[in-house]
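> In the order they appear, the protein sequences are chains X and U. Numbering-wise (the working numbering), the first sequence opens with residue 2 and increments by one. Numbering-wise (the working numbering), the second sequence opens with residue 41 and increments by one.
Wrong hints could be hidden among the right ones.
[What the hints assert, rightly or not] Which chain X residues face chain U? A few, computed with CB under 10 Å, are given here:
#	residue
1	His15
2	Pro174
3	Trp208
4	Val256
5	Glu285
It is worth saying that the hints were derived from the structure and are not from the lab. Glycine included, C-beta positions come from ideal geometry on N, C-alpha and C.
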Amino acid sequence: MHILKLITKNLLRHKLRTLLTILGIAVAVTSFGLLRTVVTAWNAGVDASAADRLITRHSVSFIFPLPLAYKDRIEKVNGVERVTFANWFGGVYIDKKQFFARLAVDAKTFFDVYPELIVPQDQLETFKKERNACIIGEQLVERYNLKLGDVMPVEGDIYPGRWEFVVRGIYKPRDKTTDPSNMLIQWNYLDERMKQEMPGRDGYIGWYITQIQDPKNAAFVSSQIDELFKNSPAETKSETERAFQQGFMASISAVLTSMNVLSFVIIGIILLVLGNTMIMSARERLREYSVLKTLGFSSFHLVGLIGGESLAIAVIGGAIGIALSFPMVSGFEAALPKGWFPIFFIEPITLILASGAAVLVGVLAALFPIQRTLTTKIVDGLRQIG
Amino acid sequence: MKIPFKYTIRNLKTRRLTTLLTVTGITLVVFVFSAVLMMAYGIQKTLIETGSDENIIVLRKAATAEITSIIMVDQANILSTLPNIAKTSDGKPLLSKELVAIINLSYSEKKGGIGNVTVRGVTAEGIQLRPNVKLVEGRMFQWGSREIIIGSSINKRFLGTNNGEKIKFGGDQWTIVGWFDAGGSGFDSEIWGDEVQLAAALGYTGAYSSILIRLDRQDAFEDFKNGFNKDLRLQTLDVKREKQFYAEQSEDMAMFIRILGIVVTVIFSLGAMIGAMITMYAAVSNRTVEIGTLRALGFRRRNILAAFLVESLALSLIGGSAGLILASFLQFFNISMMNFGTFSELAFNFSLSPDIVISSLLFSVMMGIIGGFLPSVRAARLNIVNALRSG
Chain X
2 MHILKLITKN LLRHKLRTLL TILGIAVAVT SFGLLRTVVT AWNAGVDASA ADRLITRHSV
62 SFIFPLPLAY KDRIEKVNGV ERVTFANWFG GVYIDKKQFF ARLAVDAKTF FDVYPELIVP
122 QDQLETFKKE RNACIIGEQL VERYNLKLGD VMPVEGDIYP GRWEFVVRGI YKPRDKTTDP
182 SNMLIQWNYL DERMKQEMPG RDGYIGWYIT QIQDPKNAAF VSSQIDELFK NSPAETKSET
242 ERAFQQGFMA SISAVLTSMN VLSFVIIGII LLVLGNTMIM SARERLREYS VLKTLGFSSF
302 HLVGLIGGES LAIAVIGGAI GIALSFPMVS GFEAALPKGW FPIFFIEPIT LILASGAAVL
362 VGVLAALFPI QRTLTTKIVD GLRQIG
Chain U
41 MKIPFKYTIR NLKTRRLTTL LTVTGITLVV FVFSAVLMMA YGIQKTLIET GSDENIIVLR
101 KAATAEITSI IMVDQANILS TLPNIAKTSD GKPLLSKELV AIINLSYSEK KGGIGNVTVR
161 GVTAEGIQLR PNVKLVEGRM FQWGSREIII GSSINKRFLG TNNGEKIKFG GDQWTIVGWF
221 DAGGSGFDSE IWGDEVQLAA ALGYTGAYSS ILIRLDRQDA FEDFKNGFNK DLRLQTLDVK
281 REKQFYAEQS EDMAMFIRIL GIVVTVIFSL GAMIGAMITM YAAVSNRTVE IGTLRALGFR
341 RRNILAAFLV ESLALSLIGG SAGLILASFL QFFNISMMNF GTFSELAFNF SLSPDIVISS
401 LLFSVMMGII GGFLPSVRAA RLNIVNALRS G
């Protein structure tokens, strides 16, 4: 108990210094939280992927389409539950700075394979019946102030021309990692217009999404599918949705790596700030510690005294930092163009890591002063001046 | 009378460990600050150098990149009849109708996975329009054959891209016959082949991705644009200077890196300033008697203030220079990542510019002044008698 009292007294001795150190740690923990959140936001696609879905695309690259006729053949592969498909529609809504995915999907099957997009049954029925209908995520409703029945004009690029879609449905994301900002239109409508305006481009889709019965068979089913189309003009490459998303992450690994390095650098900086404070305090109190030793306090007490002070500062600073990271993260999201990160929230793991880092730093920062205090001879300590 | 600079240096030396910790903190902050700016500048520089001042480029209006742009053959033919287009030596309009596609190649073993690579179908005029692209190994592909040449940054990053090796796409094998160097521009991350061959193999008949044009005079852009805009058949297309087009492609990525970098460094610098402040406050309180003595010797308050500010500035400048020197080594690293503007990989270097050097040093000086000001004021305001007594 005495130790706790001493720690508190010591903390309050240089109020300004303690306050500044706590502030420094809080600031560093906040930026750690922010960086980790950016990394998890990039990774959101990987987290959102379901284990029982395979993505089949053109083997040359994602920009080449696949024939619609493949659908029936994939459905017959053993272990396949159901197949749907989608197509990157692209185009420009309002201006080129509006980032959200615009996909043409198979109205009949798409929402069965993606149960995480929750659409009211009546809206889904309307969507299936009306050719120029679209279903949008609730984040888009908010961002562009849309409601059911509104028209969204899109200027096509990959599919040239002016397109007008009527909002007939609004989906809610089931999980926190589900993208709430997709715009889904009917592939049939796209195909009909292609048939009229650019014959030869009809009958093609972007990629197939296959739901399989048992996720354990993913590798086998993938190879079975690819085998079907081997040596055809459009060979395929199938992989699990997770692997597909990870492949995408590999292409921006430079950014991810640098952010990971940065988050370590931040921990380093916290360590420097706290370590500095602890070393200065221990140097100033060397004489007192020698007095304590003379009075019969054991090394154990001294370790508790210094370590406890360091930990207390780290934990208080860490707690403030975590509390600050919530407004910080929302401020950062507001500073970026809308839609860059449809999913941007602090994951529990980030909070655990941040607290862990603060505690670790508290322990590490105390090591050097403890070692110095313990190895100083009592006589030298008593002799030391300021 | 000024307090000698030597006094400051000696002080820093006395508390070596504390000085070192503070300097290291500032070094890290400045390192991060300049590294982020260098990365954003590197991307921009690479893409800006890709475009030439003399060329203009035509794309579909809604397209943000060549990959999503479609220009119909009849539109392309109309374009080539517009006035103000320069002529080749044999009298043809100097313009290149090109196609751009993306293929997947496997990364070299270390990284794993596959990356998106831009494949560009060019014409003889297209080569003429890009004089900065030079063949450095092997030979040029033959027109009318399934041969390709690759940019200088491709081979380092992707498997199966040595001279003489074949890449399979578009239902055929394409032989790599040479490497070209485009002077660190975006073309270094591309694969080039004959437009006619690529179009046939990839099924791009009846349309192009983009059209690159040289005008007959440097200042003809406005005239050309007026003529272009008046033609109703070209309403769905858009014309830009090539340089501007590539600069726009780097905007989003560079902006993201900058926003993130600036947010992080501002927070970081708060941390480092606090570190400097703690150090300087401790320096002041440890030296109370010393300060009293200096004052008794006749040094003024402002001399004391200056001495402590100089000490803090010295700390921050040493840290700042160290951070900048560390960061400048990053220039030797060539990194590549997906450019979201084009969906394909772009290789670039961290680049240092005089602006970045100046802003990094200013940044560290600022940290020193802000971190050192309050402690210096406290030192200057100490009462002589009390200060002398406090020991």
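> Can you list which hints this structure breaks, lowest number first?
2 and 3
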